[in-house]
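Using the UniProt record's numbering, the letters of the sequence shown map in sequence onto residues 1 to 175.
No wet-lab data here; the hints were simulated from the structure. These numbers come from a predicted model, not from an experiment. Certain hints may be false.
Label pairs and their calculated CB-CB ranges [claimed, not checked]: (1) Ala93 x Ile116: 38 to 48 Å; (2) Thr129 x Ala93: 46 to 56 Å; (3) Ala114 x Pro149: 20 to 30 Å.
Glycine included, every Cβ here is placed at the ideal spot set by N, Cα and C.
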Amino acid sequence: MSTYKRATLDEEDLVDALSEGDVYPNHLQDLLRSPLLLGSEGPGLTSSLFRLPPALQVNFRGPRNGQRCWAARTPVEKRLVVLVALLAVAVVACLGVLGIQYRTRTPSVCLSEACISVTSSILSSMDPTVDPCQDFFTYACGGWIKANPVPDGHSRWGTFSNLWEHNQAIIKHLL
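The task is simple: from the sequences and hints, build the whole structure.
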């Protein structure tokens, strides 16, 4: 099983390692100035395996060659920044239009004969005298159960059974 050594850092060691004007201890400043981070081979590095290509190097010293940020960008980068800005403006505009439409739209209420008929049948199937928190099934279906008891000779009865009986009566009448 692997074991790990616990690292500790005392404040006194940190204060002693800092000289005036330093932000990091000396050994960390040396590491930050190392050839690996600066991108040039130094003593002991005979291979360029550890060198980053210039495109991937990060410059912490400021703009490249004294150029401003926008001037230092390639034309492709400039086009992409403009495209992203235009897309952001388009998204904000679309959200604004949707917000305006949502506020100004009045809720539509169906008042056709079919809507009123369906609404009436749903309301007549409910039993508003029952508390829905206590017995939701009776609240939602109690009116239909009271209006349509199970007929003799049937073990179950539902809306499709009722529809089948109604269709059988119509067919019998037509024949």
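The hints, checked one at a time:
1. The supplied range of 38 to 48 Å is met by Ala93 and Ile116, whose beta-carbon atoms lie about 41 Å from each other.
2. The hint said 46 to 56 Å for the Cβ distance between Thr129 and Ala93, and at roughly 53 Å that hint holds.
3. Take Ala114 and Pro149: their Cβ atoms lie about 28 Å apart, and the range 20 to 30 Å holds.
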